[in-house]
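> Protein chains in written order, with the UniProt record's numbering: chain H, 1 to 242; chain B, 1 to 308; chain W, 1 to 405; chain S, 1 to 289.
Calculated directly from the structure, the hints in this document are not laboratory data.
All of these numbers come straight from a predicted model, not from anything done at the bench.
Wrong hints could be hidden among the right ones.
Said to hold, decoys possible - Pair by pair, the computed Cβ-Cβ distance ranges are:
#: 1; chain 1: S; residue 1: Thr176; chain 2: H; residue 2: Ser23; range: 32 to 42 Å
#: 2; chain 1: B; residue 1: Gly103; chain 2: S; residue 2: Ala259; range: 56 to 66 Å
#: 3; chain 1: B; residue 1: Ala81; chain 2: W; residue 2: Ser78; range: 53 to 63 Å
#: 4; chain 1: W; residue 1: Arg371; chain 2: S; residue 2: Ala55; range: 30 to 40 Å
#: 5; chain 1: W; residue 1: Lys130; chain 2: B; residue 2: Glu293; range: 25 to 35 Å
#: 6; chain 1: B; residue 1: Ala151; chain 2: W; residue 2: Glu357; range: 29 to 39 Å
#: 7; chain 1: S; residue 1: Leu135; chain 2: B; residue 2: Ala81; range: 51 to 61 Å
#: 8; chain 1: W; residue 1: Ala150; chain 2: B; residue 2: Arg165; range: 24 to 34 Å
#: 9; chain 1: H; residue 1: Ser23; chain 2: S; residue 2: Gly184; range: 45 to 55 Å
#: 10; chain 1: W; residue 1: Glu357; chain 2: B; residue 2: Leu275; range: 44 to 54 Å
#: 11; chain 1: B; residue 1: Leu96; chain 2: S; residue 2: Met3; range: 33 to 43 Å
#: 12; chain 1: S; residue 1: Ser58; chain 2: B; residue 2: Ile21; range: 42 to 52 Å
We treat Cβ as the ideally placed atom computed from N, Cα and C, and that holds for glycine.
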Amino acid sequence: MSFLSIKGAVKQFGGLRAVDGVSFTLKKGEIVGLLGPNGSGKTTLINLVSGALPATAGEIRLNGQRLTGLRRDRIARAGVARTFQLVRILPSLSLIENVKITAVFGHNAHWGRAAERVAREALEMVGLSDRAEAQAGDLTYIDQKRLELARALAAEPEILLLDEWLAGLNPTELSEGIDLIRKLHQGGLTILMVEHIIDAVRALCPRVVVMNSGQLIADEATDAALSDPSVITAYLGGEVDA
Amino acid sequence: MIRILLPLIGLALLTVLPNYISDYGLGLLIGAATYVTLASAWALFSGQTHYISLATVAFYGTGAYTVAVLNEALPYPAVLACAALIGGAMALVVGLSTLRLQGVYFVIFSFGLAELTRQLITWYEVNVTGTLGRYIFLDITTRQIYWQMLALGAATLALTAWINRSRLGLALRVIGDDETVAAHSGINLARTKLIAFVLSAMILTLAGAITSPRYVYVEPAIVFNPTVSFLTVIMALLGGANRLWGPALGAVPLFLAFEYLSSNFPDTYPIFLGLLFIGVVFLVPNGLLAKLETLTARKAPQTKEART
Amino acid sequence: MTGISRRAALRALSFGVTSTLALTAGMALAEGDTVKIGYAVARTGPSATGAGITTIPNYELWVDSVNKAGGLTLPDGSKKMIEVVEYDNRSANQDLVRAIERLASQDKVDLILPPWGTGANLAIAPLMAKFGYPQLAVTAVTDKAPEFAARWDRSFWMLGGGHDYAKGLVDVLAAARDAGTINGKVAVVSVADGFGIDLINGARPAFEEAGFELVYDKTYPLGTSDFAALMSEAQGSGADSFVAFSYPPGSFGMTKTAQSMGYNPKVFYISVGGAFPIYPGVADGKAEGVMAIGGVNADSPAIQDYFARHTEFTGKAPDSWASAITYASLEMLEQAVERVGLDHAALAAELSGGTFETVIGEVKLEDNQLRDLWWVGQWQGGAFRAVNPGDKDGASAPVIPKPEW
Amino acid sequence: MLMTTLILGLVLGGTYALLALGLTLQYGIARIMNLAYGELTLAAAFLVVAFFQGAGLSPLLSLPAIALAGYGAGWLLYQVMMRPLVARSGGSGRLEVDSILATFGLLFLIQGVLLVSFGADFTSISYLDRGVSVLGVSVALNRLIAFGICILAGTALVTALRTTSWGLRMRAVALTPGSAPLVGIDVNRVARQGFALGSALAAIGGASVSMYQTFSATDGVVFTMKALVIVIMGGVGNVPGALAAGFALGLLETFVATAIDPGLTLAATFAIFLAVLLWRPQGLFGARS
């Protein structure tokens with residue numbers, strides 16, 4: 001039984017098909033890496049799932065509920081939480097408030113003590129609970145990333161979409177980050193993660209889907225995919241940075 | 001407890017104050033109360049969301065006009081209710097169509113809205129009713145106007161305080177910081193903004209309605225005076241538009257400063273007013289309250305270190 | 001006190017326009033030796049222009065002349081200097097109302113002079129009544145004057161109503177049509193605000209009654225700056241008479257537009273601004289024959305003397321409509337004070353019932369209103385002369401058709 | 001009749017477009033929403049009149065000097081007032097709010113100075129206001145001159161922006177102020193030039209207004225509003241757009257005044273302005289982003 005199903009998703013920008021008929025599914029509790037060279041349409045696909053962009057065609061369902069055509073906030077309340085490629089925090093709010101908003105407005109719509117508790121737990125999870133009252137604008141980059149993840153977690157989502165959440169971290173931070181995501185997965189969370197860091201993908205995801213020029217070119221076990229000639233060509237052909 | 005008690009004591013004092021002051025003092029109180037109400041109501045929407053609205057006078061003037069049109073047909077409380085409803089309905093229509101505009105576009109739109117409202121009312125009066133300029137002869141004393149405005153101001157602050165603690169307030173603050181995050185966190189952008197905009201507009205309209213008996217004569221050119229919009233903005237920003245007491249804190253000293261300047265320097269008043277504005281922008285960009293906080297925070301520099 | 005020296009320094013910044021306040025405030029006069037007169041007229045905002053032409057210069061001229069003559073004479077023959085308390089009402093009624101409260105309750109001035117404009121005078125009327133001050137509302141044109149005079153019995157309305165001016169104009173045009181000088185068609189435009197609407201509402205029935213046909217009748221918004229389209233429509237309407245119930249920017253703009261497009265109606269009538277001293281300049285020296293609202297008896301020595309004094313004191317001539325009446329209202333006040341003193345009730349009674357000698361001749365109010373007014377004037381031989389009512393002493397005969405531009 | 005509407009509308013539109021050129025440069029390049037724009041225009045108009053009445057200097061002759069003075073004033077204003085705000089904002093959205101508030105203060109300041117120095121009177125001069133027949137329609141010569149200045153200034157500006165390297169720098173800063181420094185453009189310098197040039201155009205606009213219109217010291221906001229409407233309609237920072245929008249507005253007003261009701265001209269202006277904001281906030285002639 002598929003939990004998240006993407007069927008024939010298309011996103012057209014003028015003459016460009018950024019996502020061109022992509023279909024795949026995730027099972028509940030599964031963690032899947034979404035790979036592909038720059039400009040292959042990964043982030044666009046994440047945007048289609050989370051509702052940031054309306055799909056030109058195709059259908060996306062979560063747990064049977066149709067997401068396509070819904071507004072962003074409705075999709076969020078349906079249980080889709082995401083992080084952003086360029087980290088987005090709310091600088092004028094405190095850490096706990098930053099996190100609380102998804103607890104309040106998200107999937108389970110808590111209020112009062114319950115919202116506070118969920119937010120604290122999320123902060124605890126990413127290791128920021130000791131600074132809950134600080135202003136978010138004062139955080140370092142890695143802490144901003146943690147905060148963003150905590151915010152996604154406080155939504156108590158059905159599925160978590162991570163858009164290069166591990167990018168820009170130093171080796172120590174990276175291994176902490178990988179542990180954190182593993183912990184979330186072990187807690188039963190379904191995760192779809194866009195990632196460039198292949199080691200992280202190997203460590204976390206038993207299965208990957210690979211995109212190139214808007215199309216799905218592989219959907220298989222991670223080891224198989226990473227030795228798949230078509231995947232390698234796509235990367236070598238398209239990739240500029242490492 | 002003290003946070004509720006103190007304002008209540010202040011409100012009680014302000015209520016009995018007219019017994020001890022001259023008519024001019026009362027006039028000053030009305031003026032101050034009006035601008036505290038306007039600035040607070042403006043900040044209710046604009047302060048948190050950072051949508052700088054210059055449409056204040058569109059609502060304020062509509063309120064005054066509603067009283068002018070209806071004061072002979074309906075009892076006074078019903079007139080006020082109508083004013084609030086008309087203001088709310090206007091805000092709903094406008095908000096539905098415009099609250100997706102961002103930044104300077106919204107600023108200019110809101111300014112254009114005030115002008116459009118004025119032009120349309122003028123055209124309607126000239127061509128449909130054939131009268132331009134209406135009279136308000138109501139048996140309402142200056143004190144009653146003051147008490148009404150005081151009540152409205154207090155209600156605005158109470159409402160703001162309540163909103164700040166509610167889901168709506170949190171949603172507004174998130175929208176002010178980042179609309180994308182807000183939407184992906186499950187906040188219904190349109191509805192949230194619309195609720196705040198309509199509430200704010202209803203208060204602005206009521207404020208216009210309440211003060212209108214003081215003018216006796218109402219004409220579009222008189223009640224749609226764009227200065228009201230500008231003063232409201234600068235007052236709220238001076239005090240700090242995203243804080244409960246900020247707009248009030250900005251409104252009172254600025255109002256008194258204008259009064260002082262226009263009475264002591266009638267010729268050069270605009271020059272000083274201009275310098276004052278520029279001074280505010282350069283010296284207290286985040287509002288007086290924030291300035292006070294940074295001044296007190298200097299003693300405890302730990303927040304600085306966390307900055308990157 | 002550093003405050004005082006800073007204030008003085010700041011005040012020095014306001015070079016020249018008025019210094020009555022600074023001047024009299026500096027005088028070391030003991031309490032009670034002066035008569036305090038207050039006013040809150042627009043110095044800034046949209047009303048500042050009108051107030052700066054008609055109201056403020058006359059107030060200043062009058063205070064200056066009275067003080068130069070030793071002050072206001074009281075019934076016992078003693079004289080008291082005038083001390084002025086002036087505020088800027090910023091063209092906003094909420095500020096105006098507060099300033100009046102301040103003058104009455106804080107400064108406790110002896111007399112309050114009214115602001116400029118119909119709306120402003122109405123806004124302060126209830127307050128003036130409450131505090132008991134007589135209100136000599138000059139720059140207020142309203143058909144409801146009788147009603148207001150009855151409502152506030154110490155208010156005096158001195159500039160007539162829209163119907164009066166419209167009727168006067170129709171009389172002039174009807175006479176010309178009956179003489180066969182002009183046809184029965186009229187093109188009329190009016191500005192969309194209280195004044196313009198009052199006039200057009202008075203004019204429509206009056207024209208109809210006199211048998212005129214309004215072939216073009218449009219209203220334009222306040223703030224219109226381009227009149228080319230409007231004037232070209234009026235030109236094409238076939239009317240011999242062009243009538244504009246307009247404010248100065250419109251009056252001037254229409255004059256220039258008519259000149260540049262060679263529009264030469266036999267009657268060219270504009271409203272506010274037509275009687276301004278700068279009008280001939282605006283019309284490029286071709287104002288001859290232009291009709292406008294108001295007028296003065298240009299041959300009267302009193303008026304000529306007033307024009308000369310005004311020009312000498314303020315550097316420019318007064319307008320030929322409300323200025324002289326404003327000054328006359330102040331003379332009335334001066335004479336009433338001399339007769340009955342500063343008691344407000346006695347003053348109001350005297351103003352209401354007394355007869356006064358002023359620059360516009362002998363004045364006696366009817367039901368607290370000045371009815372003996374000029375409705376229509378015309379530029380003739382470089383002066384703006386009153387032409388209607390034609391039977392009034394000092395009226396000139398209208399010149400129709402107007403010479404071409 | 002249609003011809004009359006067309007010609008009168010075009011001439012009116014030309015005067016409108018001239019007013020808007022400077023504002024679109026100031027906002028497009030320097031990112032300053034200058035609410036005191038109309039006051040700058042007025043100040044220039046008053047100066048022209050003062051020269052004309054005081055020294056008998058013809059407005060057309062004093063125009064270059066006024067334009068130069070406008071450039072200098074704009075340069076100084078940017079350096080003293082706007083630059084610190086730009087630096088403080090660090091490219092964030094707060095510059096918009098700050099500049100609106102600061103220039104609003106400037107509006108009062110200039111208005112006060114004008115009131116003190118020139119009084120509250122209506123000012124109006126007669127200069128070249130005889131009629132000229134254009135295709136059978138009589139048009140005031142001074143308006144025709146303003147129209148000519150507009151065409152001249154507009155084409156010069158468009159050409160300079162399109163073809164010179166100076167223009168390229170201007171456009172680069174207008175498009176992406178963030179990345180312009182990467183290619184060695186001194187953004188501060190370009191923004192200052194843009195603002196100063198905008199002020200010079202405001203002064204030219206004011207000088208031509210003084211030839212044909214009655215104005216007073218409190219009229220500035222009227223000019224600002226008109227210019228703003230045109231700038232938004234044409235697309236912010238879009239010079240050809242501002243020209244086209246100016247003409248469109250002139251035609252619209254003339255059409256409404258003749259065919260519908262003169263009472264609705266200003267309402268029509270604002271209605272179309274609001275409509276453009278809602279449906280094409282990038283302007284009638286801007287590319288969809």
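> What are the numbers of the hints that this structure violates, sorted from low to high?
Violated hints: 2, 4, 5, 6, 8, 12; rest satisfied.
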